[in-house]
Amino acid sequence: MADALHTLSAAELGRRLAAGTLTSRALCEALIVRYQAVNEKVGAFTHLDHVDVLAQADASDARRKAGQGRGPLEGIPVAIKDNIAVKGQPLTCSSKMLAPLVSPYDSHVAERLRAAGAILYGRLNMDEFAMGSSTENSAVRKTFNPWDLARIPGGSSGGSAAALAAGLVPLSLGSDTGGSIRQPASHCGVVGLKPSYGLISRFGLVAFASSLDQIGPMARSIEDCELLLNALASADARDMTCFGPSDRTLTPAGEAKQLRIGIPKGFLGKGVAPEVAAAVNAAVEFYRAQGCAISEVELPSADLAVPTYYVVATAEASSNLGRYDGVRYGHRSASAGTPVEMMTASRSEGFGPEVKRRILLGTFVLSAGYADAYYVRALRARAKIRAEYLAALAGVDVLLTPTVPTPAFKVGEKASDPLQLYLEDIFTIPANLAGLPAISVPCGKSGHLPVGFHLVGAPLSEAKLLAAGRLFEAAHGFAHQQAAL
Amino acid sequence: MSTSPSDWEVVIGLEVHVQLHTRAKVFASSPWGFGKEPNEQVDPVVLGLPGTLPVVNREAVEKSILFGLVVGAEIPERCAWDRKNYFYPDNPKNYQLTQKDFPIVVGGQVEIELPGASRNVMGEHKFIRIHHAHLEEDVGKLSHAGSGSLVDYNRAGVPLLEIVTEPDLRSSAEAEAFLRSLVAMLTQAGVADCDMEKGQLRCDCNVSVRRRGAEKLGTRTETKNLNSISSVRDTVIYETARQIRELEAGRSITQETRGWNAELARGYVLRDKEDAHDYRYFPDPDIPTLKISRQTVTRLAKQVPENLYDRQRRYVEKLGLPYTAASVLVNDRALAEWFELAVAAHPTNPSGIANLVANDLLRDLAASAGAAGSFDQAAPAPVSLASCPIKPAQLAGLVKLTDDGVISKQQAKEVFAEMFKSGQDAAAIVDAKGLRQNSDTGELEKIVQEVIADPAVAKSIAEYRAGNEKAINALKGPIMKRTQGKANPVLIDQLLRKFLA
Chain A
1 MADALHTLSA
11 AELGRRLAAG
21 TLTSRALCEA
31 LIVRYQAVNE
41 KVGAFTHLDH
51 VDVLAQADAS
61 DARRKAGQGR
71 GPLEGIPVAI
81 KDNIAVKGQP
91 LTCSSKMLAP
101 LVSPYDSHVA
111 ERLRAAGAIL
121 YGRLNMDEFA
131 MGSSTENSAV
141 RKTFNPWDLA
151 RIPGGSSGGS
161 AAALAAGLVP
171 LSLGSDTGGS
181 IRQPASHCGV
191 VGLKPSYGLI
201 SRFGLVAFAS
211 SLDQIGPMAR
221 SIEDCELLLN
231 ALASADARDM
241 TCFGPSDRTL
251 TPAGEAKQLR
261 IGIPKGFLGK
271 GVAPEVAAAV
281 NAAVEFYRAQ
291 GCAISEVELP
301 SADLAVPTYY
311 VVATAEASSN
321 LGRYDGVRYG
331 HRSASAGTPV
341 EMMTASRSEG
351 FGPEVKRRIL
361 LGTFVLSAGY
371 ADAYYVRALR
381 ARAKIRAEYL
391 AALAGVDVLL
401 TPTVPTPAFK
411 VGEKASDPLQ
421 LYLEDIFTIP
431 ANLAGLPAIS
441 VPCGKSGHLP
451 VGFHLVGAPL
461 SEAKLLAAGR
471 LFEAAHGFAH
481 QQAAL
Chain B
1 MSTSPSDWEV
11 VIGLEVHVQL
21 HTRAKVFASS
31 PWGFGKEPNE
41 QVDPVVLGLP
51 GTLPVVNREA
61 VEKSILFGLV
71 VGAEIPERCA
81 WDRKNYFYPD
91 NPKNYQLTQK
101 DFPIVVGGQV
111 EIELPGASRN
121 VMGEHKFIRI
131 HHAHLEEDVG
141 KLSHAGSGSL
151 VDYNRAGVPL
161 LEIVTEPDLR
171 SSAEAEAFLR
181 SLVAMLTQAG
191 VADCDMEKGQ
201 LRCDCNVSVR
211 RRGAEKLGTR
221 TETKNLNSIS
231 SVRDTVIYET
241 ARQIRELEAG
251 RSITQETRGW
261 NAELARGYVL
271 RDKEDAHDYR
281 YFPDPDIPTL
291 KISRQTVTRL
301 AKQVPENLYD
311 RQRRYVEKLG
321 LPYTAASVLV
331 NDRALAEWFE
341 LAVAAHPTNP
351 SGIANLVAND
361 LLRDLAASAG
371 AAGSFDQAAP
381 APVSLASCPI
391 KPAQLAGLVK
401 LTDDGVISKQ
411 QAKEVFAEMF
421 KSGQDAAAIV
431 DAKGLRQNSD
441 TGELEKIVQE
451 VIADPAVAKS
461 IAEYRAGNEK
471 AINALKGPIM
481 KRTQGKANPV
491 LIDQLLRKFL
501 A
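Protein chains in written order, with the numbering used here: chain A, 1 to 485; chain B, 1 to 501.
Please keep in mind that the hints were generated in silico from the structure rather than gathered at the bench. Note that the coordinates shown come from a computational prediction; the quantities given were computed from them, not determined experimentally. For each residue, glycine too, the CB sits at the ideal point set by N, CA and C. One should not assume that every hint holds.
Where chain A lies over chain B, by a calculated footprint (3+ residues, C-beta under 8 Å) [as the list claims (entries may be wrong)]:
| no. | stretch |
| --- | --- |
| 1 | 50-57 |
| 2 | 80-90 |
| 3 | 93-101 |
| 4 | 390-399 |
Isolated chain A (complex conformation) (with noise of 0.2 Å):
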């Protein structure tokens, strides 16, 4: 075979398959030993059962051979974040706390790859209760960026970004709060898309923040992007929150050079490095050399989104991560005493620093006598920010911004100061505060380090980001880019 299949598209993947010129198993068998060659250098997967994988493969292949093929993702892997369960698998959120759990159950997703045919392949690096954005917080291991080990590769779903720029999968899953799929696939130089809020079930999804937390696929083409996004949206009554696509149409894409698409004011200014504003601002020439209506918006909230963020993640967080207290399943303490004292041992040992900061900051705010001052007025804040975004998004199709202000940073550079942490999702935040959908789609390089550009749409307009990204991404040499390693 002319081509490594680590190299292939999903899309490409599944043509060679559908005319039997490959086996899920020769697939399977390649990055696996892609993964023993690669995976101790990049850290992406905390887990691969290999006998598992390759039953999967089999009995693909068997389905296949026997005609009874379930569509485009029949025998592909995909590999999927440690915070999204998977029966039979480890379900641990990178976290000391869950160390010892097997998942007992699937998620929705996962019950959607399976009917998709597709092969459930691995656990991937995350921080802690995706809690974090540079996968340094996981109690695991280090992930590192393929395109410079010395560099992190974005967070939370560090390791989802990291596998697929390091030619370990093909496709991954990934979940987003506050920027957590969209700002590693801008690091690592791949495509993330998180979905309008209530596209994608949740069930089987850790929660750390539920009125933010969306599940989203992660891919090194558009292409890719789409295909794993389909298989994954649809209605499911195990989540009140998911509609699906089912009972509200996706906005029809439309001709993409005829895309209106909004600057927000000032946005390429706040300490965003020189060389991703270059980037950033060539894809915006880009469209306009295309036919698509340029214009200014203003967001005038915008500087509001990080602090209201912190307040609302923290304060759900606090109490979704309650239940974590050794009783039940997880990392129980040692130390026994009363069963109360029990629980607070169990999560003084389990917790790491991350997470306890942001319960404690959790609970400050929600704590009778600050609620008002903090939770009840971040609410409001929330609710200012998607009024605003909705409004901008009634005169433009879509809001074009960098994904992150500066390139991957160092591995340890920023650890000793969150607050600095904090800024990385300053972009990305507001689609999950306001619902909507966006990606990040690879647009450049920042010396040897991948810069992506970040798009928002109004609710359930993914086809729309798509058909953005697609005749970006045709013009340009991102799609299907690996770091050589």
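Place chain B on chain A using the hints.
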């Protein structure tokens, strides 16, 4: 019943937690029920496994709305759930889903009946206002065994409707009457079973006292987790006496949360106000605000049964029933409906039917069930009419035979016993046993004249004629003997008086 001396007034408000009668838990599809092995009725959602989400059980929502309609409450167009955060091992998520700001039921009132001067006399009626009722989840049960602790999550996630009253109750008797009335309404509407032995109804009881005539409420205490009506009654009596004693001694009442030890019949302090939990309530982001359609409310309104006391008034005023029989019947909806079917089959004598149902039928049903039901039960244990061998129309047939003079009242008892045994129609039993009364005037006149002519009764006749009314009974025995007991006793009496006049 109240122990409060007349210059003190006690003010009581109740929070009643009722497990709703549903197949599944309130936010999970796991079934629930009493008497299962520990942790048998759990699933990933009940256990709060990572990644699981609550889904509101429609049946629990509808039962809650039905309760609201039963008490004439407002059903708001929207309700929502909040998280109440606290750490305890019986709480699988370490937060409880409850409704703080937007409950499913707002307002309403429950009519209560206080005990009358005697069993046969109706007591005072009063209305107790409901502040609101909210739908929440129950928690598991923690128990301590040897060196460790054990937790059972079978109860976790069971739907609980918390019914909160206004502080309208003024005595332990009123609190007791309220709970009995509430239980009857909940069970009759099929909202809940309220089996207190199974912990299906638990109360928190708020008590304060004030000088009679004072407007300002006194400082209240809350006694939590009372699992029987008698515990609520005893708590009110105890707490009223304690608070009056404190105040009369010049001390003040501390706002505190208390427990109740039913065995020792005394309360104790659980925690005072300073130790009160900060539950950090906030809207649950997993459950969107629930819209309650007016069509749903209209549909459920059709399921609301006739109000207990409306029915009681109808029985007494329209059907002419004695109060005692009416009050027995209305406490059991199935029994009342059974009674009404019988009345429909024989509308001229509701009281005759009511007496048989409220006395003979209930007694025999209870005896055949082998037990009189559980004690501390708000209403008499509902008897199982499903297995009742007598059908309503059959009972009506029996009463009609008596009313038509075909059998005597004494014979009716015998026929009833036989009907209960065999399930046969009254007429068939009367015929088979040859019990049909002899009301043939001509034949009886002849027998009466023969008996009067018998010298053996001459003395009794003389005494009767001398004014001793009772002496006439001595003549009835021989007549009955000659007719094998079938003579219509009313007719015999008339004939004797005619011939002896």
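Exercise. For the stretch 93-101 of chain B, does the count of residues with a C-beta closer than 8 Å to a C-beta of chain A reach 3?
Worked result: holds (count 3)
Exercise. If you look at each residue in the stretch 390-399 of chain B, do at least three have a Cβ nearer than 8 Å to any Cβ of chain A?
Worked result: The restraint on the stretch 390-399 of chain B is violated, since only 0 of its residues have a Cβ under 8 Å from chain A and three are required.
Exercise. With a cut-off of 8 Å between beta carbons, are at least three residues of the stretch 80-90 of chain B near chain A?
Worked result: It holds: at least three residues are needed, and the stretch 80-90 of chain B offers 5 whose Cβ sits within less than 8 Å of chain A.
Problem set entry | Verdict on chain A covering the stretch 50-57 of chain B, where coverage means 3 or more residues with a C-beta closer than 8 Å | Result for this restraint: holds, n = 7.
Violated hint: 4 only; the structure is consistent with all others.
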